[in-house]
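Okay, here's what each chain looks like letter by letter:
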Amino acid sequence: MWPVSHAVCSVAPLRFLPPGPKNFVPVRGHEGWWERRPGGPRLGCVPDFAAVRLHVVSGKGGTGKTTVAGALALALAHGGRRVLLVEVEERQGLAQLFDTAPLPYQERKVAVAPGGGDVFALAIDTEEALLDYLHMFYKLSPSGLPARTLRKLGAIEFATTIAPGVKDVLLTGKIKEAVTRKDGTRPWYDAVVVDAPPTGRIGRFLNITHEVGGIAKVGPIKSQSDSVMAVLTSRLTAVHVVTLLEEMPVQETLDAVTELTALGLPVGGVVVNMVRRTELAPADLRAAAEGTLDLEELGKGLDQAGLDAGLAGPLAREASEHAARVALEETGRDALAAAGRPTYELPFLPDTIDLGSLYELAALLREQGMA
Amino acid sequence: MNDLALDRVLDTAEIIVCCGSGGVGKTTTAAALALRAAERGRRTVVLTIDPARRLAQAMGLNELDNTPRAVAGVDGNLDAMMLDMKRTFDEIVLAHAEPAKAEQILANPFYQALSSSFAGTQEYMAMEKLSQLKATGRYDLVVVDTPPTRSALDFLDAPARLTTFLDGRLVRVLLAPAKAGGKAYLKVVSAGFGVFTGAITRIIGASVLQDLSQFVAALETMFGGFRERAQATYDLLKQPTTSFVVVATPERDALREAAYFVERLGKEQMPLAGLVLNRVHRTAAPGLTAERSLAAAEQLETGSLTAGVLRLHAERLALVHREQHLRERFTGAHPTVPWVEVTAQPGDVHDLEGLRAVGTDLAG
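So the protein lines, in turn, are chains Y and B.
Counting from 1, one number per residue, gives the positions in the first sequence under the numbering used here.
Counting from 1001, one number per residue, gives the positions in the second sequence under the numbering used here.
Please note that the accuracy of each hint is not assured.
Below are the DMTMM-like pairs computed for lysine to aspartate or glutamate, each with C-alpha atoms no more than 20 angstroms apart in a straight line [as the list claims (entries may be wrong)]:
(1) Y:K300 x B:E1301
(2) B:K1134 x B:D1011
(3) Y:K139 x Y:E128
(4) Y:K217 x B:D1011
(5) B:K1086 x B:E1098
(6) Y:K109 x Y:D226
(7) B:K1086 x B:E1103
(8) Y:K139 x Y:E127
(9) Y:K222 x B:E1315
(10) B:K1238 x B:E1268
(11) Y:K300 x B:E1298
(12) Y:K139 x Y:E177
Treat the hints as calculated values from the structure; they're not laboratory data.
The following block holds chain Y by itself, in its conformation from the complex (with noise of 0.2 angstroms):
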């Protein structure tokens, strides 16, 4: 590690570095920028998303999305910065995080990060992310009589019943708003982080252009959505993925990884959670996977330590089941390679997450260079 704190390094930009460092490459269309070639080992304590002001958390269900989105939200926030975390499918998630009552639609601060970094949380809601957009855009106050009228006749509802794309481009245009707001000359946040919806729909979700495409091809949606769809594609933007090391999450995340690619939206780093750690040695985990451990040695162990060695069987048995798990990790850590992401791994945590898990987890990402 360079003898330069974290805090020092989350701003030093990273156009500082000589042209053409070892294991990074030129960032497109920004001259002189340099970010870390994928999976390339770290120089320094560079944080690897330091030109990035948005991240998009992805993942299937089940995953821990959402904790991981909080964990890097304090993470990025450390050492005196300010960060919003977002969250868009009305399940109040984030309150449930950070032992809140529930989030109205107003960014309010639910953590301090050590050092003094700010994190506030946003729930979108949509009824009210259309009544800002109108008022943002065509000055309707939305106690006025257009905006009253919209809200009774169920416009929402309509909207998002016969488009959904309607909703998808308030949703983010209120995260573009966040991400472009500025204080002075600096942005308001130094990141929002955003709790966005499960792999299977982030596509959709992100490409906004496409999905209200057929329906505005002109007008003021559509120009909305073009500018929403510039910030998303620009280099402003990570689409981090969380995975687990399970066949059907590896899956879907390397699906995720080619869609996102695809559609020309930036992917950021893989997130492995929940990684179950080993408290056996190489030879040992191998002769439990094969169910080939020394029973005899292990019984004479129990009884040395005053058990009853009559649970070596019982006891080998869950080993066995522990190696085969630790065995299927293996593969799903191989196959997760062929992404060419970043990775970065969380450890499984026996106890229900808590705020103080969440710092656990934050300052976790931290050491890998995630924040």
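Given the coordinates of chain Y, assemble chain B onto it according to the supplied hints.
Chain B alone, transformed into the frame defined by chain Y:
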């Protein structure tokens, strides 16, 4: 009350609907239930939404062609199919609208967005396919997997939503130009609506409004049939011959969603069979506590086989206890819901043999 007698359900039910949040093994559960029912002598079809590749291959589902196909290697009659949402929707339009109108609907950009998007449509189409499969009379039992979203139960709202939608004022506003034709439109709407359509034209653009009202007008001709079907499916699901099975893993989020499903089904008076608690961890040495195990490991040389095995056991017990605690919290809040546990396998289930093993667990 660990007494979800699924074999009785498999022998008598005509429809089984599996619901639950994403990643809990819903598709595997649906497939295992269908296989077991078929091998218990019932002519069964399983309708899946998005199966894992290898599971799909095991069931012979190599393409998404929207027709049930026989699964090879089953000791009985089991068909399987994957839902093609867009094609199912197209079929409804073709069945309910006159040919000219149908053409118009299928070509409309709003229809294309609606029929291929995921939000809501998938749920309706799964239920539509369910009624179609039921109506063939070829099956004793139809097992359906539902999409992995909270809106998986949106189909319960379908009749009400369609009614609200069709009778809604917004639809009437949008229908007005098509009905009155051209400029006469402005005369038939009130001043309030004038302001409103002015706003909506500014917001979404005039050409969009035109497409939209054409679409709504075209759809209106088939709405009656659509609504009747939705109502018929809803009634079908309420029959005592239907069984809802809620699937969850022993994790906080999955159980919270399961609680939501259970409460929602209760509110609609839908027949709930019970909860399948999937991927439950067990210990082979229940007599050895985590504390004793760890204390013993401390006495042994670090890195030795026994110390490692004892630490693994302690970790396993911590997991087992957490899962038990979460299950008890659920069953405490829902004491009348029968449940059954399925043991966690180290790997994924991807062949008929694996599905049979899950089926045996499900039968309790």
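Status of each hint after checking the structure:
As the CA atoms of K300 (chain Y) and E1301 (chain B) are separated by approximately 13 angstroms, the hinted pair is consistent with the 20 angstroms bound. At most 20 angstroms may separate the alpha-carbon atoms for a hinted pair to count; K1134 (chain B) and D1011 (chain B) meet this at roughly 16 angstroms. Between K139 (chain Y) and E128 (chain Y) the CA atoms are separated by roughly 15 angstroms; this keeps the pair inside 20 angstroms, and the hint holds. Among the hinted pairs, K217 (chain Y) with D1011 (chain B) is inconsistent with the structure: their alpha-carbon atoms are about 54 angstroms apart, more than 20 angstroms.
Distance restraint check for K1086 (chain B) and E1098 (chain B): the Cα-Cα separation of roughly 19 angstroms lies within the 20 angstroms cut-off, and the hinted pair is therefore satisfied. This hinted pair does not check out: K109 (chain Y) and D226 (chain Y) have alpha carbons roughly 31 angstroms apart, beyond 20 angstroms. For the suggested pair K1086 (chain B) and E1103 (chain B), the alpha carbons sit about 15 angstroms apart, so the restraint of at most 20 angstroms is met. Between K139 (chain Y) and E127 (chain Y) the alpha-carbon distance is near 16 angstroms, which keeps this suggested pair within the 20 angstroms criterion.
Between the alpha carbons of K222 (chain Y) and E1315 (chain B) the distance comes to roughly 54 angstroms, so the proposed pair goes past 20 angstroms and is violated. A hinted pair counts as satisfied when its Cα atoms are at most 20 angstroms apart, and K1238 (chain B) with E1268 (chain B) qualifies at roughly 8 angstroms. A threshold of 20 angstroms between alpha carbons decides the hint, and for K300 (chain Y) with E1298 (chain B) the separation of about 15 angstroms falls inside it, so the pair holds. At most 20 angstroms may separate the alpha-carbon atoms for a hinted pair to count; K139 (chain Y) and E177 (chain Y) meet this at roughly 16 angstroms.
Checked against the numbered hints above, the structure breaks hints 4, 6, 9 and satisfies the rest.
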